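Modelling step: build the complete structure from the supplied sequences, incorporating the hints.
Those sequence lines, one after another, are chains S and A.
Add 208 to a position in the first sequence, counting from 1, and you land on the number used in my numbering.
Add 208 to a position in the second sequence, counting from 1, and you land on the number used in my numbering.
In case anyone wonders, no lab produced these hints; they're calculated from the structure.
These numbers come from a predicted model, not from an experiment.
Treat the hints with caution; some may be incorrect.
Given that identical chains are not distinguished, each listed pair holds provided it fits within a single copy or across any two copies.
No more than 27 Å apart at the CA atoms, straight line, and that leaves these computed lysine-lysine pairs for DSS-like [to be verified]: (1) K501 to K333; (2) K333 to K356; (3) K488 to K295; (4) K415 to K356.
2 protein chains.
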Amino acid sequence: MIAIGIDIGGTSIKGAAVDSNGSVYEVFSMPFVKGESGENSIRKLADVVKKYIDKHNLKDKIVGIGIGSPGSLDTDLGIVNYANNLKWENVRVADIMHETLTYPIKLINDANAAALGEAKYGAGKHYQTVIMLTLGTGVGGGIILDGKVFEGNEAKGGELGHTVIVVDGEPCSCGRRGCLEAYSSATALIRETKKAMRANKNSLMWKIAPKINLVDGSVPFEAAKNNDPVALEVIDNYIKYLGEGLLNFCNIFRPNIIVLSGGIANAGDFLFDRLNKYLKDYNYGYKRTPEVKVVPAELGYDSGKIGAAALFFN
Amino acid sequence: MIAIGIDIGGTSIKGAAVDSNGSVYEVFSMPFVKGESGENSIRKLADVVKKYIDKHNLKDKIVGIGIGSPGSLDTDLGIVNYANNLKWENVRVADIMHETLTYPIKLINDANAAALGEAKYGAGKHYQTVIMLTLGTGVGGGIILDGKVFEGNEAKGGELGHTVIVVDGEPCSCGRRGCLEAYSSATALIRETKKAMRANKNSLMWKIAPKINLVDGSVPFEAAKNNDPVALEVIDNYIKYLGEGLLNFCNIFRPNIIVLSGGIANAGDFLFDRLNKYLKDYNYGYKRTPEVKVVPAELGYDSGKIGAAALFFN
Chain S
209 MIAIGIDIGG
219 TSIKGAAVDS
229 NGSVYEVFSM
239 PFVKGESGEN
249 SIRKLADVVK
259 KYIDKHNLKD
269 KIVGIGIGSP
279 GSLDTDLGIV
289 NYANNLKWEN
299 VRVADIMHET
309 LTYPIKLIND
319 ANAAALGEAK
329 YGAGKHYQTV
339 IMLTLGTGVG
349 GGIILDGKVF
359 EGNEAKGGEL
369 GHTVIVVDGE
379 PCSCGRRGCL
389 EAYSSATALI
399 RETKKAMRAN
409 KNSLMWKIAP
419 KINLVDGSVP
429 FEAAKNNDPV
439 ALEVIDNYIK
449 YLGEGLLNFC
459 NIFRPNIIVL
469 SGGIANAGDF
479 LFDRLNKYLK
489 DYNYGYKRTP
499 EVKVVPAELG
509 YDSGKIGAAA
519 LFFN
Chain A
209 MIAIGIDIGG
219 TSIKGAAVDS
229 NGSVYEVFSM
239 PFVKGESGEN
249 SIRKLADVVK
259 KYIDKHNLKD
269 KIVGIGIGSP
279 GSLDTDLGIV
289 NYANNLKWEN
299 VRVADIMHET
309 LTYPIKLIND
319 ANAAALGEAK
329 YGAGKHYQTV
339 IMLTLGTGVG
349 GGIILDGKVF
359 EGNEAKGGEL
369 GHTVIVVDGE
379 PCSCGRRGCL
389 EAYSSATALI
399 RETKKAMRAN
409 KNSLMWKIAP
419 KINLVDGSVP
429 FEAAKNNDPV
439 ALEVIDNYIK
449 YLGEGLLNFC
459 NIFRPNIIVL
469 SGGIANAGDF
479 LFDRLNKYLK
489 DYNYGYKRTP
499 EVKVVPAELG
509 YDSGKIGAAA
519 LFFN
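Okay, here's the thing in structure tokens:
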């Protein structure tokens, strides 16, 4: 079985045919034109998809088109209600795609698409309950129960990054304070790294990033791996807050596995060993409560496309 | 259709026949004998149930026996792994019941049973996604998705009270710090009430509870309803922390409704009006995110029995 999986992002819209083994065909890409109306962008996308299907001779093989989009969606009607990153409001994606293409269209939140991809074909393969967090500029969440995305009422749930772990804590983009996102996003790690660097002019981190605006999420990890005490404290603190958030999801869902993606997940064993130790040390107290492993995502940038296509592989 | 629903508690074991309309027959009750082995307690329970079924002439009408128990359960095998309140460890409930009775036996966590009862026949009736919290000595949680209990891996999820809302906050019975339970249980409210009373000897609360050990969860509510500023501050603070916890569940599940039970839920509109306002004020920022109502439970002490029986009414 083959479906098209599409991933709409703030810089480009990418897609590919994906088969029900999770194999990804040649990827197509079109720029996301800032300022263009959502309607026009989707019309162009429909043309690109049509040409792609013709080129690969897939016309009679495609069972549907899955589209992952950021923002708040009406998945029943195939509408992007509101996507701040794209500056889209009430874009009738499914209807517009249907002007050009007759395949069934399914819309899915981009974080959910990535989670579904990883749960079915990546790091969460073979597991029933999978939680995925994308640690990027923000923190996206996906909840996979019995192989299906759990979306909540009107598909507005799954906002795992917007769970407060520190009442009255750091301000969050959502308007509340103390959300997990405000402590475990790359943005938050960079904020804390800069704070520590400003207070410790001798930190190794100044060698890695001689100017403060060069700091990204890899800087504290690189320095910590080289035993810089300031960086180690930044990382320990980061792991503590992220660990507390993950333990919350363990107690709520008791998932089989938690998958982390995003730039920070590239820190490798140095991060995952510490994070798994934290989760083990504070695992819920009842005897025989199964421990939850945290692992890096495996599908990279393809997870969203694969997950969007996988909406048709139930 | 009729099933037996049983609720095992630390002072008594109660049960009743329940029909698939949620109607509860005459309730039977036996004392929970502290110090007696779990095996003996269950053997006695089986005898009580057998006599009850004979007395009510239900022998050929019962489709199964649902048993709600506190603690950590193996719901597949019908074993109470560990229940601190009961001092039970590895009690093979289903096997022992089957020595006397041939009906199918299903075991369910007591908080989940109450949630299922409320979701199917009480305050959550007609709704798809229902979250229930029981605000008592601790905070029990239940997650109902599509009319079914979500239990997580090995039925060890759903511990909504053990989600940290203040990293490094108040110590919790589970070993972590800052759990929702440590801020929104009756125990927590009483702790904060006593603290406020000790610091404010003129508070009206001293009239209601002339000795500090008379303080229960109703004291600050009663005083606050009479405009005692100290009590109002205690209640505002209580609502803030509980509200933050509930907002977390809104963002994770975006449920249709949240149901609260336990002694504190008896505080009535005074509590629920303020709580609903808090949830409305901090509702997740995307446009058109549906608001979540918080309502009191409707079934009282019967919710557990009804929910346990309802395991057979799918």
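Results of checking the hints against the structure:
In this homomeric assembly, K501 and K333 come within 27 Å of each other (Cα to Cα) only inside a single copy, at 13 Å, whereas the closest approach across copies is 36 Å. For the homomeric pair K333 and K356, the shortest alpha-carbon distances inside one copy (12 Å) and between copies (24 Å) are both at most 27 Å. Only between protomers do K488 and K295 lie at most 27 Å apart by alpha-carbon distance; the minimum there is 25 Å, versus 42 Å within a single protomer. In this homomeric assembly, K415 and K356 never come within 27 Å of each other (Cα to Cα): the closest approach is 46 Å inside a single copy and 56 Å across copies.
Taken one by one, the earlier hints fail for this structure only at number 4.
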